[in-house]
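Visitor: Build the full structure now, drawing on both the sequences and the hints.
Note that the protein sequences, when read in sequence, are chains A and B.
In this text, residue positions in the first sequence follow the working numbering: the first is 20, and each later residue adds one.
In this text, residue positions in the second sequence follow the working numbering: the first is 1315, and each later residue adds one.
It should be emphasised that the hints constitute simulated quantities derived from the structure, not laboratory data.
Nothing false has been slipped in among the hints.
In silico SDA-like pairs for lysine to any residue, Cα to Cα no more than 25 Å straight-line:
{"#": "1", "chain 1": "A", "residue 1": "K98", "chain 2": "A", "residue 2": "Q54"}
{"#": "2", "chain 1": "B", "residue 1": "K1324", "chain 2": "A", "residue 2": "N116"}
{"#": "3", "chain 1": "B", "residue 1": "K1333", "chain 2": "A", "residue 2": "D125"}
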Amino acid sequence: MINDTSAYKNLYLETARNYLNNLKTNLSKLSENNQDIDAIDKVYLDAHSLKSESTAMNYSSTASLCHLIESIFREIKEKKAFISSDLLISLNDSLQNIASSLDNIDRDNKEIDLSTNLEKLKKLSNIEI
Amino acid sequence: MRILIIEDDKFFQKFYSEKLKEKGFEVFVASDGEEGLQKVGETDPNLILLDIIMPKKDGFEVLEALSKNERFHKIPVLVFSTLGQEQDIAKAKSLGARDYANKSFFDFDDLLKKIQTTLAIKQ
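Guide: Structure representation (structure tokens):
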């Protein structure tokens, strides 16, 4: 974990929001075509990066949710799972709550609890992290 | 001493660049594996900090390319990633990585010690 997280909060929020926008864009592409390899790869990479940053800044709830999204998309990349409409709904809901969490961090320096989203996605995906 | 950071995440690019420059290193940054291999030739680094999961070429592919290059195979590489699993660490080391640092569980001072050990410099 980074010791002086306050010095890097604005940088984290800027890059995290950028990843979130990319994730939303690519999930939207996947709702049109759930076989879009480029979009699948980008979701995987961006979820991984957002997980890494959130872990470094000690936003563990955000990191856990992003870790699960990364794991789900690794399975999809390896053709061990596919993208269902239920999964897309749950993923979009997760991104919405991550956005709210970033706003909370911006205001109050605290992330919100994302465990409900985490549990829903775990059930849909059968993945444990 | 020149350090090349091959890392796609802007947050970590900036964090590590700033911290290493404060310690007197000359720092170069590449945002993916392909650009990283290009910059190795351009910057002739004393050490490479290499992320694993990146677009275009990943860190494992970069390690493989470096190991096959007569000019670059001796440049020490420290791999840092949040993968953290034993098989990933073993794979990185089998491909020539000198050491491995987990981004999730360490702080900059720990990384600095690994860099100094690898470069065998005393500050």
